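Engineer: Now for the letters of each chain:
Protein chains: 2
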Amino acid sequence: MGINRTKMRWNGWGWADAPDPLSGNEAVWEWMASELGMGALMLTPAIPLEEIELPASRLSITALNGLAEIVGEEWVKTTKSDRASYARGKSYHDLLHLRAGNLSDAPDAVVFPANPLETLEIVQACSERHIALVPTGGGSSVVGGVTASPGKDQQGVVVLDTTRMGRVLTTDTDAMTAVVEAGAWGPELEEQLNEFGLTLGHYPQSFEFSTVGGWIAASGAGQQSSKFGRATRWLVGAKLATPKGFWTTECFPGSAAGPNLTDLVLGSEGTIGVITEATVRVQKKPQVKDYRGYLFKSFADGVTAARRISQAKLPVAMVRLSDADETHFFRTFSDAQKKKSFGRSIKKAIERQVLKSNGVPDRPCVMIIGIEGHQHDVDICQKKTAHIAKSLGAMAVGKSPGTQWYQGRFHGPYARDPMLDHGLGVDTLETSTRWSNIANLHETVLAAIDKAMREGAPVAGTHGIVMSHISHTYVDGASLYFTFVFPRDLEREVPQWLAIKKAATETIVEQGGTISHHHGVGTDHAAWLIEEKGPVGMNVLRAIKTELDANGVMNPGKLISQ
Amino acid sequence: MGINRTKMRWNGWGWADAPDPLSGNEAVWEWMASELGMGALMLTPAIPLEEIELPASRLSITALNGLAEIVGEEWVKTTKSDRASYARGKSYHDLLHLRAGNLSDAPDAVVFPANPLETLEIVQACSERHIALVPTGGGSSVVGGVTASPGKDQQGVVVLDTTRMGRVLTTDTDAMTAVVEAGAWGPELEEQLNEFGLTLGHYPQSFEFSTVGGWIAASGAGQQSSKFGRATRWLVGAKLATPKGFWTTECFPGSAAGPNLTDLVLGSEGTIGVITEATVRVQKKPQVKDYRGYLFKSFADGVTAARRISQAKLPVAMVRLSDADETHFFRTFSDAQKKKSFGRSIKKAIERQVLKSNGVPDRPCVMIIGIEGHQHDVDICQKKTAHIAKSLGAMAVGKSPGTQWYQGRFHGPYARDPMLDHGLGVDTLETSTRWSNIANLHETVLAAIDKAMREGAPVAGTHGIVMSHISHTYVDGASLYFTFVFPRDLEREVPQWLAIKKAATETIVEQGGTISHHHGVGTDHAAWLIEEKGPVGMNVLRAIKTELDANGVMNPGKLISQ
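Sequence lines, in order, name chains A and B.
Under the numbering used here, read the first sequence as residues 1 to 562, first letter to last.
Under the numbering used here, read the second sequence as residues 563 to 1124, first letter to last.
Just chain A, same shape as in the assembly:
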């Protein structure tokens, strides 16, 4: 029954009472400082909510009463805690603002409709009154997709939280589809589907704090997209509450009746309506999950293996290839975390010897191949993928790295808050391109981020770390995901980040990558969308928006910049 945002960190990731995974581990911070060419890290705690003043509400009593009449008084929330929790998403950029006590984007109210009809009434009431409406599920956008800012001539912002609508309504095990309410968050959805032996299988890193509707609106991808597909592949049809009324899109298995308008809902980012229900493809819950590691001598060899696995249409769930720097970083990070463990140096020396005798260089590239399904099918696929990996000189290193990755697959975002508490900046960005351009895009984006981090460093001589991996593979190409860590310039945190973001995105656009593989557009990529859609395409997008949201109240400034 919904994600209770007031139990989550309003200015960070996860539950408010979750333990700090790096607490008391000074070794990690020492190692991190040395990696960045710094002496020591400083403590930079966030400003607590108590010390922050929120802007006064912009909504009239009449307007608030109007909302309460629709959803009931208890479902219109206006407390400081609520308004702060819904001010922004979960990007590094968002956290900079929130941690600095900038809550200028706090919404005036948060409403929780119980059903599609209440949702429609809220949408239409906001449209009539020219109040900006920001739909949100888990609120985990990392591209400014849920920033609660008003558009031109709009005097207030209401956030619409969909998470009271979280039920699986029907399942059709002949068609292998389910009709679900869009506010179902990851664990809630899977729990219900699992009861029927089914799964959607959509596990983004944000799984614990994101919803079906959000996955569709942002056109997202789960980590196991090779088997379960991204939202574009599992969405069959959707129901939206738009200012023009309900819109239920087509739901046929193969139709030639004009353009498939369901596709316009994917990536619509709340700008044309609120997704209230979705028909989605489900699969049988896999019997076994087999995740294994391989060490490649070079990134190029790993890329070739990933391409061959994809083009051989082997039924893998995931092929994830880290570059040498990422492989090194997470290995040494993990070592730094476990520094106390006895006998480690002997074990490591033996390990190094084994790797050396197998021709693995000092800085290999790790690939995790995940396969899910029936034991028999998994075994066959495992043998075939191992064969391809080995044919490219990889050394199989067994299930342990796979299990370790799997267990930690949602943990990444939890490490960010402690890093921000230690004067560091950390962000990620992602793209995709055709196979023949992967090497070029990988190199040029790494170089652009590295250069921008050096140029923006607060102290000369310090620098950042940037690393990359492929995590989603297709017949024609793959995604590239970049993680970068750098010493924060406390005097100009936002401009420092903006410069890095700009350098990276411009390079991506110039070098033939998409501005986003699964994070979306939001506000942060909106300026570059025209490079991808072209001026004619942007006008098509605007025409659709204008048709459905003539008053421009739906999530203003997202997707299409104003």
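I should point out that these hints are in silico values taken from the structure, not numbers from a laboratory.
Among these hints, one or two may not hold up.
Listed next, the stretches of chain B that the computed footprint assigns to chain A, with coverage defined by at least 3 CB atoms under 8 angstroms from CB atoms of chain A [stated by the list, open to error]:
1) 731-745
2) 794-805
3) 829-838
4) 865-879
5) 930-944
Derived lysine-lysine pairs resembling DSS-like cross-links, with alpha carbons at most 30 angstroms apart [claimed, not checked]:
6) B:K789 - A:K384
7) B:K952 - A:K227
8) B:K945 - B:K851
9) A:K244 - B:K1107
10) A:K152 - B:K806
11) A:K313 - B:K875
12) A:K313 - B:K946
Each pair of labels, with its calculated beta carbon distance range [as the list claims (entries may be wrong)]:
13) B:E1068 - A:N115: 41 to 47 angstroms
14) A:P495 - B:S998: 55 to 61 angstroms
15) A:T173 - B:Y968: 33 to 39 angstroms
16) B:K847 - A:T403: 38 to 44 angstroms
17) B:A948 - A:G412: 42 to 48 angstroms
18) A:T173 - B:H973: 46 to 52 angstroms
19) A:E191 - B:H973: 49 to 55 angstroms
20) B:F758 - A:E491: 54 to 60 angstroms
21) A:T173 - B:R925: 26 to 32 angstroms
In this text the structure is predicted, and so the values were computed from the model without any measurement.
Think of the CB as a built atom: it goes at the ideal place given N, C-alpha and C, for glycine as much as any other residue.
Since chain A is already given, all that's left is putting chain B on it; use the hints.
Structural biologist: Chain B in isolation, oriented as in the chain A frame:
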């Protein structure tokens, strides 16, 4: 270098000099008459072009000169033969008009641009002058998709033939994509791709006389869609000449940068622009093709087998299941054609005995399973599909029915003209639905067509034949294709057809099918599109059309009824 329409039958199917496949075979006509409850068939030849007068051209000399300035005088054609050839598509409805000498829809000119730039200039010239522009590739639409009729306040119609643009421009064997000119017709495209060992694998029944651009514009499907995909699966990106300029859509392997606008080109039916180029997924030319037949005791058993094969994700190219009536019809049709062959009755008696001892009823349902690829993979897939078929009580009847189907896979339309010459009506229509609704949709549509044919019969007691097959299967459902033959009411040919069409389509809509699985919308389905898209969706479609084609010159009346 283009399909030369003047060498094709202007009022029928295929090359003008192609032999009549049923010529002199009176046995077939006798059999057909008896199947329809008729005494004998009469001869009803089409009115020859020489006897038909075309309406005068509506275009001014200035307008014609304007077109000639763009493409060169020799590429603006206005002869009677050209105008007649481009008046309409290839539906039964079209042929009724053409054979009756109704050429009121003949275009005023046909232009043949050599490249995208000339195409754009034609599009923009027509938009400025308010002349209707009908883009065409092979012109094989069977839903009125290329009828050359003007819209409101438009004084003339120009048909734009894309087939001078037929080259494969580039191939990327890393991404397994190719950039092709959209006017490439089937054989021309495959010939070029085959030189690189590649194939698109898109083989609709109209393959010989249709183009890549047409396949995209109509959101079509080839017969081997399970392996090669329908246009929605193989199209990566497109370039269009629109009244607002060139529009090149996104072309990334997985992008979350807003709605994928390439999807709006699929099924756009020439109403927003002319597709000039496309990036398409290609595959390696298959080493072997294995097509085999199975006889099922019931349609329901066959449907279950088709569903299991699809949901087991076996890499088949095609699963095609005829119902008992279709199986019977083509068997007896084939027998009637070969009546002279000696010893047939003894052979048939033996055959019947073998079938009986295998539990196959008198009226079984034949399934053709086609598998294409490497020998080893084909063998494995063949065993698995055979296992599923047999587990549902089917009898394997070997390669002969498969080979026979494969060899005749483009022949269907050639039998229509002789049937029309013999006083018969013949049409096909198709839909798709989820697996759990297949049996219901199959039965109700058959009943609706049968009833409408009886009600429209020219002589009491005569009736039609209607039969059906599944030819495209998906994880969630399948297509249903209906063929029906009936005695034509020569006094009211068009109303007779319209009544059948209406009865079938209304039943499809009521019973949860799509109005088209691969024929498209055109003019013939336009009235029902709102049932599928909803009023909000229709307004979105109109908004897109208005944005790109403000003067409404692009293929007026198609997709969106006026």
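Engineer: Which numbered hints turn out to be false for this structure?
Structural biologist: Numbers 5, 13, 18 - these are the hints that the structure violates, sorted from lowest upward.
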